[in-house]
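Protein chains in written order, with numbering that gives the first Met the number 0: chain A, 0 to 159; chain B, 0 to 546.
What the hints contain is simulated information worked out from the structure, not anything from laboratory work. From a predicted model like this one, the values you see are computed outputs, not experimental measurements.
Subject to a maximum C-alpha distance of 25 Å in a straight line, what follows is the list of computed SDA-like cross-link-like pairs (lysine to any residue): (1) A/K106 x B/K180; (2) B/K400 x A/D148; (3) B/K139 x A/L26; (4) A/K134 x B/K475; (5) A/K32 x B/K139; (6) B/K139 x B/S171; (7) A/K32 x B/N145; (8) A/K35 x B/S143.
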Amino acid sequence: MKYLLVLVYFLCYNTAFSQTTIPNITLNTLNGKSVKIQDEISKDKITILSFWASWCVPCINELDAISEVYEDWQEDFNMELIAISTDDARTQKRIRPMVNGKGWPYKILLDKNQELKRALNISTIPQIIILKDSKIIYIHSGYSPGVEDEFYDIIKENSN
Amino acid sequence: MKNIIALQLLFFTSITLAQNNSNLTVGFESNSQYYMDDEKTGDFTEENKFRSNNYLKIDYLISNFYFGIQAESYEPMSLLNYSPDFNQTNIALYYAGYKSKKIEVAAGYFYEQYGSGLILRSWENRQLGINNALRGAKVKFSPSDNIEFSALYGSQRSGFDVSDASIYGFNSEINISSILKVDTWNLDLGFSYVGRKEVNDNLVFNFNDLTNAISARVNFSKNNFYSSAEFVSKSNDGLIILQEVRNVKPGNAFLFDFGYGKKGFGINANFRRIENMNFYSERNATGNIYNQNIINYIPALTKQHDYLLTNIYVYQAQPQVSFQDPTLLKIGEIGGQVDLFYTLKKKTVLGGKYGTKIALNMSYWAGLSGDFDYENFDYGADTFGIGEKYFSEISLEIRKKWSRSWSSIFYYVNQSYNKRYIEETFGNVETDIFVGEATYKLGSGKSLRFEAQHLWTQDDKKNWTGATLEFNLNSKLAIYANNIYNYGNDDESKKINYYNLGGSYTKGAQRFTLNYGRQRGGLICIGGVCRFVPESTGITANIVLSF
Chain A
0 MKYLLVLVYF LCYNTAFSQT TIPNITLNTL NGKSVKIQDE ISKDKITILS
50 FWASWCVPCI NELDAISEVY EDWQEDFNME LIAISTDDAR TQKRIRPMVN
100 GKGWPYKILL DKNQELKRAL NISTIPQIII LKDSKIIYIH SGYSPGVEDE
150 FYDIIKENSN
Chain B
0 MKNIIALQLL FFTSITLAQN NSNLTVGFES NSQYYMDDEK TGDFTEENKF
50 RSNNYLKIDY LISNFYFGIQ AESYEPMSLL NYSPDFNQTN IALYYAGYKS
100 KKIEVAAGYF YEQYGSGLIL RSWENRQLGI NNALRGAKVK FSPSDNIEFS
150 ALYGSQRSGF DVSDASIYGF NSEINISSIL KVDTWNLDLG FSYVGRKEVN
200 DNLVFNFNDL TNAISARVNF SKNNFYSSAE FVSKSNDGLI ILQEVRNVKP
250 GNAFLFDFGY GKKGFGINAN FRRIENMNFY SERNATGNIY NQNIINYIPA
300 LTKQHDYLLT NIYVYQAQPQ VSFQDPTLLK IGEIGGQVDL FYTLKKKTVL
350 GGKYGTKIAL NMSYWAGLSG DFDYENFDYG ADTFGIGEKY FSEISLEIRK
400 KWSRSWSSIF YYVNQSYNKR YIEETFGNVE TDIFVGEATY KLGSGKSLRF
450 EAQHLWTQDD KKNWTGATLE FNLNSKLAIY ANNIYNYGND DESKKINYYN
500 LGGSYTKGAQ RFTLNYGRQR GGLICIGGVC RFVPESTGIT ANIVLSF
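Start from the sequences and build out the full structure, keeping to the hints where you can.
Below, the structure is given as structure tokens:
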């Protein structure tokens with residue numbers, strides 16, 4: 000019960016202090032290089048962060064679907080998608096051949112021990128975070144086919 | 000009450016400190032189940048029909064500093080088959096740290112992974128009931144972009160307490176190619192040390208309190224080729240078999256990986272050999288079913304499936320020494336897997352209008368062969384000897400988009416699962432599994448997804464069939480129904496339908512799911528670690544909130 004009280008307390012008082020930025024956590028590139036996430040997010044582009052894993056079927060459906068229209072999106076807007084893999088050592092080695100084999104055009108980063116995923120309180124994947132000027136403007140978790148059209152609208156609304 | 004005061008303190012401290020470059024975030028997750036009696040599978044005979052696991056995490060960031068706390072509540076009790084050490088409500092983790100480009104310092108509870116985790120990994124997985132964070136301190140120092148050193152000292156979390164052993168760690172990562180200012184190829188080296196100090200009070204066997212493990216890694220890539228290797232060696236340690244020290248043996252692991260990729264094609268192969276590589280923060284925790292006190296991470300290197308019937312016979316890595324009876328002797332495993340991904344180009348005969356995506360995986364795992372002395376719990380392993388076959392699998396996935404609104408997935412899996420050796424029971428299971436999935440987009444966010452599955456086997460529980468229907472009303476709301484039916488079971492009373500109905504509502508980072516149904520008993524596996532769950536029927540509710 001006291002647990003609930005604490006929760007309610009926080010719901011009432013803390014909504015103003017929401018997740019607005021991405022904590023600057025170290026990720027790895029496919030080549031094993033360490034990079035800070037904030038250095039990878041372009042300041043003048045709208046950036047989509049997609050948290051996924053190689054074993055997550057809906058995540059792959061989503062990234063496959065976006066790759067179909069990605070060229071058009073990049074033509075229409077100044078935008079970029081960064082696919083952040085949350086795979087751990089079990090499946091991490093499958094990422095590079097998978098990304099190559101599927102011909103995905105995205106920048107891929109590895110969140111090997113799910114440090115960024117944890118820092119953003121992401122419990123389920125896929126999760127999409129859209130950023131403008133490095134500020135979070137939209138979050139969506141789960142994939143429903145066709146939701147990429149909604150992402151397109153968000154990018155459109157926020158592009159000048 | 001103490002907890003609330005602590006939380007309030009943190010909250011007010013953060014308010015006072017609040018500035019433009021500060022950020023307060025709150026994450027809450029609740030997983031609850033109401034277990035019900037079931038006329039087919041029997042009454043729920045355990046205590047407390049309603050059980051709930053809850054996690055509240057609060058993080059505060061101010062310039063380069065961070066502070067955080069995680070409270071956990073298992074009231075009135077934790078979900079079935081979670082470790083009994085997860086009980087009641089308490090502060091589970093607290094941490095603070097400083098992070099700059101060159102230096103990182105963390106105190107309190109922290110997570111860490113060295114290399115692939117074969118020597119050390121501490122992480123959290125709430126579905127599996129794993130949180131083996133370390134409590135102590137760690138320091139990371141990067142004198143330049145190419146070199147990183149880190150060191151840690153701590154005790155491992157166990158329930159709401161920590162285990163008795165001390166853990167010491169050191170890690171280094173060096174990028175040779177960038178030191179040499181070469182950019183046509185890439186070469187990284189890694190070296191780690193992990194020590195676990197736990198008092199040896201055994202009167203018969205003589206081994207040190209401190210067990211040392213070292214790891215050396217190399218990672219190389221040039222153009223489209225890449226490869227990596229990792230070697231781990233663990234010093235002499237008490238060998239626990241059937242809950243007692245029976246001998247003193249060292250352990251080791253070797254992992255090799257290579258691959259090639261270009262746009263439209265990718266291939267990757269792994270090879271791994273492990274011998275006596277179980278490593279726990281308390282020797283007595285060896286082989287515990289709750290996945291507590293794990294120091295290193297040894298996942299099964301097989302494809303991780305995402306369909307109901309492909310997850311019945313799941314291979315688990317076999318790093319342990321086990322002397323169950325003279326005909327069931329295990330000292331480790333050897334084997335590998337190959338993955339291949341290929342896209343048939345658009346506007347070709349096989350590729351069609353949208354292209355066709357193919358994924359193939361093959362894996363083979365066997366026990367290590369050697370000389371065994373059953374009476375004295377002793378052995379000598381062959382360097383590359385292949386013993387009893389444990390598992391093999393071939394899977395083929397074909398993804399095809401037919402039109403703007405139709406797309407489908409065909410999935411075939413052939414498995415050979417040596418149940419006697421993997422589960423230490425009896426039998427061998429050969430299966431063929433077929434899954435067909437189709438998605439139809441109805442426009443304006445609505446879509447229908449249908450899955451049909453069948454598992455053929457002459458062994459164990461015989462044939463299964465299954466289906467899933469999912470309806471997305473819009474991007475926020477989805478409902479589903481699925482059922483798997485063990486119609487081939489020889490025992491009439493075991494021909495059971497495992498049906499589930501449910502829905503989910505998502506808004507931003509907030510998510511609510513509700514499910515009613517009957518769950519098949521067996522292993523829940525995430526990332527190669529499995530937790531056994533008993534058969535159960537009931538209502539499940541999950542809440543994820545993030546602010």
